[in-house]
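Chemist: The sequence shown begins at 1 in full-length UniProt numbering and counts up one residue at a time.
Do not rely on the hints blindly, as some may be mistaken.
[To be verified] Simulated restraints on C-beta separations:
#1 311 x 217: 51 to 59 Å
#2 247 x 299: 21 to 29 Å
#3 217 x 25: 43 to 51 Å
#4 329 x 126: 22 to 30 Å
#5 122 x 309: 42 to 50 Å
#6 5 x 49: 46 to 54 Å
#7 28 x 225: 25 to 33 Å
#8 329 x 222: 26 to 34 Å
#9 225 x 137: 40 to 48 Å
#10 309 x 369: 19 to 27 Å
#11 225 x 343: 50 to 58 Å
[To be verified] Using 16 Å as the maximum straight-line C-alpha spacing, the simulated EDC-like pairs for lysine to aspartate or glutamate come out as follows:
#12 55 x 95
#13 14 x 49
#14 358 x 375
#15 303 x 375
Calculated from the structure, these hints are not laboratory results.
Just so you know, even glycine gets a beta-carbon here, dropped at the ideal spot from N, CA and C.
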Amino acid sequence: MKQQFWDISLRTLKNCMHETYEDCPFYEQSQFLFDTRTQILLTYIVSGDDRLARKALLDFHSSLRPNGLIAMRYPAHTNLSLPGFSLFFPMMVHDHIMYKGDVSLAKRFFPTIDTILGYFDRLLTEQGLVGPLDPTSWSFVDWVDAWEWGMPTASKVGPVTYFSLAYAMSLGYSAEVARFIGRQGLAVEYLDRKAAVISAVNAHCFDGTWYYDGPIDNLSEPTLEWRSQHCQIYAVLSGAIEGNEARDLMSRALDDKSVHEVTLSQGFSLFRALKKTVPLYELSTVILGVKPACPGFTVVDVKPLPALLEEVDSKTVTPSGMLHIRWAPVADSHRESGMRRVYLAIDGPPGLQINLYKGKGSESVVSFEGHFEGDYWFS
Numbered sequence: 001m002k003q004q005f006w007d008i009s010l011r012t013l014k015n016c017m018h019e020t021y022e023d024c025p026f027y028e029q030s031q032f033l034f035d036t037r038t039q040i041l042l043t044y045i046v047s048g049d050d051r052l053a054r055k056a057l058l059d060f061h062s063s064l065r066p067n068g069l070i071a072m073r074y075p076a077h078t079n080l081s082l083p084g085f086s087l088f089f090p091m092m093v094h095d096h097i098m099y100k101g102d103v104s105l106a107k108r109f110f111p112t113i114d115t116i117l118g119y120f121d122r123l124l125t126e127q128g129l130v131g132p133l134d135p136t137s138w139s140f141v142d143w144v145d146a147w148e149w150g151m152p153t154a155s156k157v158g159p160v161t162y163f164s165l166a167y168a169m170s171l172g173y174s175a176e177v178a179r180f181i182g183r184q185g186l187a188v189e190y191l192d193r194k195a196a197v198i199s200a201v202n203a204h205c206f207d208g209t210w211y212y213d214g215p216i217d218n219l220s221e222p223t224l225e226w227r228s229q230h231c232q233i234y235a236v237l238s239g240a241i242e243g244n245e246a247r248d249l250m251s252r253a254l255d256d257k258s259v260h261e262v263t264l265s266q267g268f269s270l271f272r273a274l275k276k277t278v279p280l281y282e283l284s285t286v287i288l289g290v291k292p293a294c295p296g297f298t299v300v301d302v303k304p305l306p307a308l309l310e311e312v313d314s315k316t317v318t319p320s321g322m323l324h325i326r327w328a329p330v331a332d333s334h335r336e337s338g339m340r341r342v343y344l345a346i347d348g349p350p351g352l353q354i355n356l357y358k359g360k361g362s363e364s365v366v367s368f369e370g371h372f373e374g375d376y377w378f379s
């Protein structure tokens, strides 16, 4: 079954790669920014080849409009913009930094990042939230059945919380890009702006149980119509809520069927918030737990999740070569104590430092190059 998922996902990615990435090879055949980020991440995982990714970044950079936004899809015969999509361009540049470590590319596209963030900064209200978008813009979030043209009902009366949270999340990624290229002052500024937006969201859009699609200060009673999984997801991803509170929030968002659910287009973000599994990217980054620990991927963090798959024998691409991870259950695992164990083996390419996390704290990290094998305990 795992192989079937992998094969289907890989075929889908290949069919959506021609002279550009495509959202689908049959219908629109367009390189949409939001979809392209996911496709690029999958490409890094399965091949390490970044040529089409670099072209995609250049394409979207080249679509910059006078108002500070970039096109929702490009190349295209018309330059149309979905403002929320532009916020994912800084994340695409950050992804490339982590996997490839190219300073010159990051410096080239950094002015576009700052321009996009400036657009949203100019929209901030007295409350500190991203206010209503330009009347000529489409405040699209997701194709939720109850939302007219994919726009939260709250957009009819004021700010949309999703845009504030996505803006805060983008500021965080942008701060890391700024730090990477030596713009320390801007990195600090971005983090300050992020903290201010998150504070505003928590003050005006959160009642202690739910993040609502708009500010609830002037509502006699928060409306159920303003509850969506989207705001809960991006509250977690932006760091507006953390730890056990974030876990409980996501549990409520999944269990309560009165909450507007994400569609497939936002599924990637849902799984990022849940840290659960979808093929290709999730197998490598969540189940195997492999992620770049620094720009350029010269150090890798490995945080396996054997609880999700009992037995694994898989390889994933790094710039230094293939990283081989495998584990199998041990018969006498102490299930009655709530702990189980597998026998774990890792083989890394020469020159790649591997940080294996054997527990929640940094004190449980084993750093090595080359080979590791031994018991791995988990709950």
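Chemist: For every hint, state whether the structure bears it out.
Modeler: Here is how each hint holds up against the structure:
Look at residue 311 against residue 217: about 52 Å separates their beta carbons, and that is inside 51 to 59 Å. At roughly 28 Å, the beta carbons of residue 247 and residue 299 sit within the given window of 21 to 29 Å. Range check, residue 217 to residue 25: about 47 Å between beta-carbon atoms, so the 43 to 51 Å window is met. About 57 Å separates the C-beta atoms of residue 329 and residue 126, a value inconsistent with the hinted range of 22 to 30 Å.
Distance hint for residue 122 and residue 309: a CB-CB separation of about 47 Å, consistent with the stated range 42 to 50 Å. Checked against the hint of 46 to 54 Å, the C-beta distance between residue 5 and residue 49 comes to roughly 22 Å, which is inconsistent with it. At roughly 30 Å, the beta carbons of residue 28 and residue 225 sit within the given window of 25 to 33 Å. Residue 329 and residue 222 have their C-beta atoms about 46 Å apart, which leaves the hinted 26 to 34 Å range violated.
For the hinted restraint 40 to 48 Å between residue 225 and residue 137, the CB-CB distance of approximately 23 Å leaves it violated. Between residue 309 and residue 369 the C-beta distance comes to about 26 Å, which sits within the given range of 19 to 27 Å. Taken as a hint, the range 50 to 58 Å holds for the pair residue 225 and residue 343, whose Cβ atoms sit roughly 51 Å apart. A C-alpha spacing of about 14 Å is found between residue 55 and residue 95, which places the hinted pair at or below 16 Å, so the restraint holds.
Our distance criterion of 16 Å between C-alpha atoms is met by residue 14 and residue 49, whose separation comes to about 13 Å. With a CA separation close to 10 Å, the supplied pair residue 358 and residue 375 stays within the 16 Å bound. Restraint check for residue 303 and residue 375: the C-alpha separation of about 14 Å stays at or below 16 Å, so the hint holds.
Hint violations for this structure: numbers 4, 6, 8 and 9, all remaining hints satisfied.
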